[in-house]
Every structure is written in C-alpha cells, then in structure tokens.
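> As they're listed, the protein sequences go chains E and P.
1 is the number of the first residue of the first sequence in this note's numbering; add one for each residue after it.
292 is the number of the first residue of the second sequence in this note's numbering; add one for each residue after it.
It is possible that some hints are incorrect.
Stated by the list, open to error - Some chain P residues close to chain E (C-beta under 8 Å, calculated; not the full set):
| id | residue |
| --- | --- |
| 1 | Thr375 |
| 2 | Leu402 |
| 3 | Leu453 |
| 4 | Leu492 |
Unchecked claim - Footprint (simulated), chain P over chain E, 3 or more residues, beta carbon under 8 Å:
| id | region |
| --- | --- |
| 5 | 48 to 55 |
| 6 | 151 to 161 |
| 7 | 191 to 201 |
| 8 | 209 to 219 |
No lab work stands behind these hints, which were simulated from the structure alone.
Every residue gets a Cβ at the ideal spot worked out from N, C-alpha and C, and that includes glycine.
One-letter residues, chain by chain:
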Amino acid sequence: MDCSEVKQLLSAYYDDELSSGQRTAVAEHLAGCDDCARELEGFRNLSTLAEGLAHPEPPTHIWQQLEEQLDGDDARSTASPAGRVRDDAVNTRPAGPAVRRWGWTRKPVVRFGLAMAAAVLIAVGWLSSANWFKHDADHQIAAVFGAYLEEFRRDPHAAQQILLTKYEGQAVDAEQAIHTLGYRPVVANGMPEGYSVESTYVIKMPCCICVQCLCKRSDGTTIAIFEHDDEEPDWFGDRPETEAICNGKRCSIVDLGDRIAATWRHDKRHITVVGMRDTAEVDRLVAWFDD
Amino acid sequence: MATTFAQPMTAGMSDTSRRNTHCSASNAGREETCRTDGDSLAVVVAACQNGDRAAQRQLYDACHQSVFGLAVRMVGLQDAADVTQHVFLQAFRSIGQFNGRSRFETWLYRLAVNESLQHLRRNRRWRHQGLDWEPMDESHHGNDAERKELLEQALARIDPELRSIFLLREVEGLSYREIAEALAIPEGTVGSRLNRARRELKQHLSDLGFEL
C-alpha cells in the first residue's frame, strides 16, 4: 500500500473498522512511514482532546414544555369524531360554483374609480417623498437589527458585535452609565435570581441612545435588555407583533421564531428584552423591574 | 469515550417499563455511566409506543443528556434546548415507526442530527461566523480547559455534517455501521468523511495555534 491508499483508510484503521487483511497491510505501511504514522498520532491526540469535552447540563424546562405538547397531542387524538369532521370541513374546498377570480372589468364606473385610486396613490407617493430620508434611516435600522436578531439566536455575543461594529458603543458600569445617560439603568439595580449581568454598553444609534445589557440565565443561555426613551417598532421590521398584558402592564410581544422579544414602558423610558422564552418570563422581568 | 444513555428510575413508571432497568453511577462529571442494556430499553420503547407517559419520561431521562450535548455542538447552546425538545417531540410522535431493527439510540441520533441540520438551514447558519481568535503562542499550548475550548472553536468551524459524524464517533462512540444508519449514508463513506473531519479539525486547531 502507498501513502495515498493508507491515508484513505486511516480513520477506519484507527477506529478498528478494517478487515484483518487491510489492517495488516496498513500496519505494515505505518511501521515504515513517518508521515502516515504522524497523521495517525494526530488522530489519537484529537480523541484524547475530545474525551475531555464538557457535557453541558440540559435545562429542566425542556421536559415541562415537551409534556405540555404531548398533552396537547393526547387531547387532539381523543377529540370527538364530530370535532374531526369539523377539522376536515375546514380543509375541504366547499362544493358549489368555483370561486370567482378577480379580473379586469369593462364597466365605465369601475374604470373611473380605478383611475381615481391611481391618482390618489400618486399624490400619496409625492407627499411621502418628504419622509424618504427618515424611512431610509428606519430601513437601515431594521436591517441592522434584523441581522442582530438572526445572529442572536446562535451567538448573542457575536450579535452584540454587530451592533457595536455598526454603531458607537461604550462598555460602562453603573456610574459611567449615569454620567453618559443622565439616568441610572434599571439593570444597575440587579437582576432576579437565575440571571446575571455579563456586560453593559451604551450604544448610540440613529434612533436613540440606549443601554444594552447581556444577561445570562443559570442554564447558560442569554437574553439582551435594552433601555431606551421611545418605543422602537422599527427594530423588529415586519416580524409578527402582538400585545399582551404582562404583570398588569401592556407589552408589545414580537415573535422571533423560537424566542420572543417584549417591549414595555418603564417609568419615563422603555425596556425591550430580546431572547425570552415565553410571556411567563416577560411577567417575571416586568414584575422585577417594577419592584 | 463512548457515552451510553443514562437510565434513571422514574416514579410512577408502569411495571412493564420498570422491568429490567438498573442504574449504577460513578459520578465524575458526565463520566457517570448509568448503563442500559438493550432489552430494558426495548421494554421502555415498547411502552412508549403504547403512549405510556411514564415510559416517555423514562426514555427522556435516559437519553436527553446525549441529545442535548449533541445539539449544543451542532446548533449552539442558545438553541440546543429547543432542538432537543423538537427531537423528543418528533420521537414520541413517530415512535410507532421504530421497528427495532437498529438500536433505538441510533434512530434517535438520526432524528437529532436531522433536526439540528434543519435548524441550521432554517436559520442560514451553515457557515460558522466565529470570532477572530488570536493564535496561541506556539511554545505553549495552554491548560486542558484552553485546549478543549480550542477544540470547541475548531468544531464550530467545520461543516455541520462533518461535525455530526465526528461527534457521533468520538463523543457518542457509535460504530461505522451505526453512524451510517444515523446519517443515512453508505457505511463505506463513513471512514472517508471521518478522515476529512479529523484533518479539518487538525488544520483549524493549527490555525488557532495548537498543533496536535
């Protein structure tokens, strides 16, 4: 066997997955080839390194949420036959004449109406151009925040770097924040049990100057807390948004896929938290900051 | 360093699914090896196929650490809990399709790898955008913790499919046949992909300043 053949079989040799004939042939080559023997030694060292990899402890909430979903499955599967018929009815196209499709019409009154609508649209477009630059800035913020939210799901620290690269940011402690902002950020008063503050920045964005704080949960996952003057719906672009009352406070909840973000008014400012699991967590944080 | 699924006892288990299970632990971090023989796992799986919630809990307790550990390295800590939850939800919903021809663990790993890869595709994170790491001083390879951190960084840099094959072999201790089943690839390609994974890891470690 030459080096090329041996290198092709090297993992299988190392993992003892070769036939005895192949194994013998590879072993004979290795005995006389330093290069291949060195590569095999590298595989061994890699295994030794992998042996010591940490095994992160899974958070306890996984089973609870899983059980809720399984309960939901059970409830659906034991639903009455009538219920199933209703489900079918929803999914079945109703009998009868085909749905009339939208199309151009020759009726003069309709043509006049459409012409008027076009004129209104042109007028609205002209008036809107005055706000062009503001909208452009909003779009830019939405794009940067969109990238931030995407990255946050994978790596909150890398996401933070997106904001810090794009905008001017300064790591601060409580006293520096007071000096820069003129108020004491809410996170400076501490976090509820199970959360710890990792870093705090004051970030100057085109829309506002805000405090951004990364907080770690006890299971190692992260949320980001922003404190800012006004509501900032542009941060979340077209993402689905709903309102909810959390701990008696109106909150704007944005669906981030597998996480949510929530914004609520706190004294004279607003707090936005990115990366929360559910509204129960929003309840808890609203209550904590209110206290 | 094969890791076997833990199998703790669960209060409220039905008698059939409790039968033949035993647990022995030697606690040294994850070195605990609550071993489960195939027969007892088969009993629990059979109970799960009948919708036994206590058996589902027992199966979850036995397997969730391995699935979570794999998910952490495939999609990152932030999303690993969600991926783990989806894997088990899918497992319990489709456990009737498990025919027992392969080990249950292999079937579950297949779900876990597929869910992780789908998660990465959905979130367009095929390529790891790692932080720029300063190469270490070549005269010093750091302590154990630093070396492991470098391996984590190197793992995050390789293609997710290569990462999964390396983790299934080196961390979960699957044979080539089991890896082939778990990843739905021919057994003959497992070795060549492991070659690639190991060489790429070695190269990334070298880029990070650590020569194997």
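> Taking the earlier hints as the rules, which of them does this structure contradict?
2, 3, 7 and 8
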